[in-house]
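With the sequences and hints as input, model every part of the structure.
For the protein sequence lines, the chains are E and X, in the order given. Position one of the first sequence corresponds to residue 1 (the numbering used here), numbered consecutively onward. Position one of the second sequence corresponds to residue 269 (the numbering used here), numbered consecutively onward.
Keep in mind that the hints were calculated from the coordinates and are not lab data. Just so you know, even glycine gets a beta-carbon here, dropped at the ideal spot from N, CA and C. Among the clues, some could well be false.
[Stated by the list, open to error] If the Cβ cut is set under 8 Å, some of the chain E residues that face chain X in the computed set are:
| hint | residue |
| --- | --- |
| 1 | 52 |
| 2 | 56 |
| 3 | 59 |
| 4 | 67 |
| 5 | 96 |
| 6 | 121 |
| 7 | 174 |
| 8 | 177 |
| 9 | 218 |
| 10 | 240 |
| 11 | 241 |
| 12 | 254 |
[Claimed, not checked] Here are the computed distance ranges between Cβ atoms for each label pair:
| hint | chain 1 | residue 1 | chain 2 | residue 2 | range |
| --- | --- | --- | --- | --- | --- |
| 13 | X | 458 | E | 220 | 42 to 48 Å |
| 14 | E | 40 | X | 438 | 54 to 60 Å |
| 15 | E | 73 | X | 286 | 52 to 58 Å |
[To be verified] In silico DSSO-like cross-links for lysine-lysine, where the CA-CA straight-line distance does not exceed 27 Å:
| hint | chain 1 | residue 1 | chain 2 | residue 2 |
| --- | --- | --- | --- | --- |
| 16 | E | 37 | E | 167 |
| 17 | E | 187 | E | 167 |
| 18 | X | 476 | E | 102 |
| 19 | X | 455 | E | 187 |
| 20 | E | 37 | E | 162 |
| 21 | X | 476 | E | 208 |
| 22 | X | 476 | X | 370 |
| 23 | X | 530 | E | 167 |
| 24 | E | 208 | E | 30 |
| 25 | X | 455 | E | 262 |
| 26 | X | 342 | X | 370 |
| 27 | E | 192 | E | 162 |
| 28 | E | 262 | X | 368 |
| 29 | E | 208 | E | 167 |
| 30 | X | 298 | X | 476 |
| 31 | E | 187 | E | 162 |
| 32 | X | 476 | E | 100 |
| 33 | E | 30 | E | 167 |
| 34 | E | 74 | E | 100 |
| 35 | E | 262 | X | 476 |
| 36 | E | 74 | X | 476 |
| 37 | E | 74 | E | 208 |
| 38 | X | 530 | E | 162 |
| 39 | X | 342 | E | 208 |
| 40 | E | 208 | X | 370 |
Protein chains: 2
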Amino acid sequence: MNRTRHKKKIMKKPNRPTILITNDDSVYSKGICELIKIAREFGDVVVVAPDRVRSGMSRAITHAEPMRLNMLHKEDGFVVYSSSGTPVDCVKLAFFALFKEKRPELLLSGINHGSNASVNAVYSATVGAAIEGCVNNVPSVALSLCDHDENADFSYILPVVKSIIEKTLNNPLPYATYLNVNFPTGKLDGVKVCRQADARWSEEYDQKVSDYGDVSYLLAGYFDDREPQSQDTDEWALTHQCASIVPSKVDMTNYECLSQLKDLYGTI
Amino acid sequence: MNRTRHKKKIMKKPNRPTILITNDDSVYSKGICELIKIAREFGDVVVVAPDRVRSGMSRAITHAEPMRLNMLHKEDGFVVYSSSGTPVDCVKLAFFALFKEKRPELLLSGINHGSNASVNAVYSATVGAAIEGCVNNVPSVALSLCDHDENADFSYILPVVKSIIEKTLNNPLPYATYLNVNFPTGKLDGVKVCRQADARWSEEYDQKVSDYGDVSYLLAGYFDDREPQSQDTDEWALTHQCASIVPSKVDMTNYECLSQLKDLYGTI
Numbered sequence: 001m002n003r004t005r006h007k008k009k010i011m012k013k014p015n016r017p018t019i020l021i022t023n024d025d026s027v028y029s030k031g032i033c034e035l036i037k038i039a040r041e042f043g044d045v046v047v048v049a050p051d052r053v054r055s056g057m058s059r060a061i062t063h064a065e066p067m068r069l070n071m072l073h074k075e076d077g078f079v080v081y082s083s084s085g086t087p088v089d090c091v092k093l094a095f096f097a098l099f100k101e102k103r104p105e106l107l108l109s110g111i112n113h114g115s116n117a118s119v120n121a122v123y124s125a126t127v128g129a130a131i132e133g134c135v136n137n138v139p140s141v142a143l144s145l146c147d148h149d150e151n152a153d154f155s156y157i158l159p160v161v162k163s164i165i166e167k168t169l170n171n172p173l174p175y176a177t178y179l180n181v182n183f184p185t186g187k188l189d190g191v192k193v194c195r196q197a198d199a200r201w202s203e204e205y206d207q208k209v210s211d212y213g214d215v216s217y218l219l220a221g222y223f224d225d226r227e228p229q230s231q232d233t234d235e236w237a238l239t240h241q242c243a244s245i246v247p248s249k250v251d252m253t254n255y256e257c258l259s260q261l262k263d264l265y266g267t268i
Numbered sequence: 269m270n271r272t273r274h275k276k277k278i279m280k281k282p283n284r285p286t287i288l289i290t291n292d293d294s295v296y297s298k299g300i301c302e303l304i305k306i307a308r309e310f311g312d313v314v315v316v317a318p319d320r321v322r323s324g325m326s327r328a329i330t331h332a333e334p335m336r337l338n339m340l341h342k343e344d345g346f347v348v349y350s351s352s353g354t355p356v357d358c359v360k361l362a363f364f365a366l367f368k369e370k371r372p373e374l375l376l377s378g379i380n381h382g383s384n385a386s387v388n389a390v391y392s393a394t395v396g397a398a399i400e401g402c403v404n405n406v407p408s409v410a411l412s413l414c415d416h417d418e419n420a421d422f423s424y425i426l427p428v429v430k431s432i433i434e435k436t437l438n439n440p441l442p443y444a445t446y447l448n449v450n451f452p453t454g455k456l457d458g459v460k461v462c463r464q465a466d467a468r469w470s471e472e473y474d475q476k477v478s479d480y481g482d483v484s485y486l487l488a489g490y491f492d493d494r495e496p497q498s499q500d501t502d503e504w505a506l507t508h509q510c511a512s513i514v515p516s517k518v519d520m521t522n523y524e525c526l527s528q529l530k531d532l533y534g535t536i
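Have a look at this one:
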């Protein structure tokens, strides 16, 4: 046993990067398993992911109740934790309870089952986790496939996922900027670096009335791309079978209107 | 009775704007009550707010389970609902289950007990609700006081809150842009239109070990303003006893680095 252990230690490359992986579909989803397999080709992998589905949790944090962090698996260069927290909590726990002073060289969030392009990025916890990585100066990439099926086929996007990981490990991202990457359903014809489309969800709540007359509302609706003709958006890329890469900022300030609004509100 | 009702109807101004109010501290908090009182001076008020504290929920949505929407109060020009959903759910329910085709002239979110300046805006559901209003083309303002006390004194900020409401009702905000407004603790010396400061929370989890050896983690930490010398940020304004108004965008694209990243990732 000691010999084997010793051998393993010698064989381990000393300068392999550490890659933190999380998601919002839970540690048990297919998408995160596919991502783990690829990431292990590039470095040591630490997974901290939710113990249940936490999609639609955006950048939510758990601040009023304690969270659990359970180690599920450990071997040389690969450790997996699940947490009762949100995806942002998972990233915070990894940074501040596990890594402490050290930081991983890369954070990957996903691969999400379902689109996080355009306005979906606002509600997405896959994106939320990437934002938390970025706030802490770790190069961060959110990865999503536009297919909600829990057994979705990821095989045709994996070579591009590999290229994105390789390029992000070897080239620093701009300050306070993360990548929001989405892949189209069915086939992949190219990659577009583009902007977030202007879109919204037009909701149509399903109303249910109980035997006691209580009304409840279940979210339903349709997606409304407000600029389907614009060729520089993530939605355009995806509807034309291209992966979309949107470099995205933590800073939400609208600089273009600062002086106009200074005139209006600065005089109060 | 009929005469009184008739009188009330005649006295009601026909062109009063409708103002939607929500928050994340719950419909029962002091901050929302203060905001309601002021908003009723300007228009008819519809409140749809969480039935419990939902702070730190960011832009989270409830999509897998039904939500409740209960009318708590109704009189001419003033109606109050509570919802089991998140603040973003409250806004969606107001727009799509209550207002339907019509939209309010203004959305106010708050007044929050606690700062939502700089990186706090990322996690804030007060801000999340304003983003949802903005996505649906309703002029939206998030309002927060840097005081977590549930009995916080709001009196010294109310004249400025009034001015912001008046100006926002009378001047259109730039497209897809909302206001993130924060007020300093204790006294108010001015108003600054400014940008979001570069900051983060450095977390220090409180660890608890149960009698069975289970470890749990409770979020704790300290605020780290990375640019305390910059005079054009919201944090600078607040530490100098000024209200901060940050015009903020739904679009998170970092346009400045688009061409640089096209060279790098567009060739995959």
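These are the hints, each one checked on the structure:
| no. | hint | result |
| --- | --- | --- |
| 1 | 52 | violated (11 Å) |
| 2 | 56 | holds (5 Å) |
| 3 | 59 | holds (4 Å) |
| 4 | 67 | holds (5 Å) |
| 5 | 96 | holds (4 Å) |
| 6 | 121 | holds (6 Å) |
| 7 | 174 | holds (4 Å) |
| 8 | 177 | holds (5 Å) |
| 9 | 218 | holds (5 Å) |
| 10 | 240 | violated (14 Å) |
| 11 | 241 | violated (14 Å) |
| 12 | 254 | holds (4 Å) |
| 13 | 458(X) / 220(E): 42 to 48 Å | holds (46 Å) |
| 14 | 40(E) / 438(X): 54 to 60 Å | holds (59 Å) |
| 15 | 73(E) / 286(X): 52 to 58 Å | holds (55 Å) |
| 16 | 37(E) / 167(E) | holds (18 Å) |
| 17 | 187(E) / 167(E) | holds (22 Å) |
| 18 | 476(X) / 102(E) | holds (23 Å) |
| 19 | 455(X) / 187(E) | violated (59 Å) |
| 20 | 37(E) / 162(E) | holds (10 Å) |
| 21 | 476(X) / 208(E) | violated (42 Å) |
| 22 | 476(X) / 370(X) | violated (51 Å) |
| 23 | 530(X) / 167(E) | holds (12 Å) |
| 24 | 208(E) / 30(E) | violated (33 Å) |
| 25 | 455(X) / 262(E) | holds (21 Å) |
| 26 | 342(X) / 370(X) | holds (19 Å) |
| 27 | 192(E) / 162(E) | holds (16 Å) |
| 28 | 262(E) / 368(X) | violated (34 Å) |
| 29 | 208(E) / 167(E) | violated (49 Å) |
| 30 | 298(X) / 476(X) | violated (33 Å) |
| 31 | 187(E) / 162(E) | holds (16 Å) |
| 32 | 476(X) / 100(E) | holds (17 Å) |
| 33 | 30(E) / 167(E) | holds (24 Å) |
| 34 | 74(E) / 100(E) | holds (19 Å) |
| 35 | 262(E) / 476(X) | violated (48 Å) |
| 36 | 74(E) / 476(X) | holds (23 Å) |
| 37 | 74(E) / 208(E) | violated (46 Å) |
| 38 | 530(X) / 162(E) | holds (17 Å) |
| 39 | 342(X) / 208(E) | holds (23 Å) |
| 40 | 208(E) / 370(X) | holds (23 Å) |
Comparing the model with each numbered hint stated earlier shows that hints 1, 10, 11, 19, 21, 22, 24, 28, 29, 30, 35, 37 do not hold.
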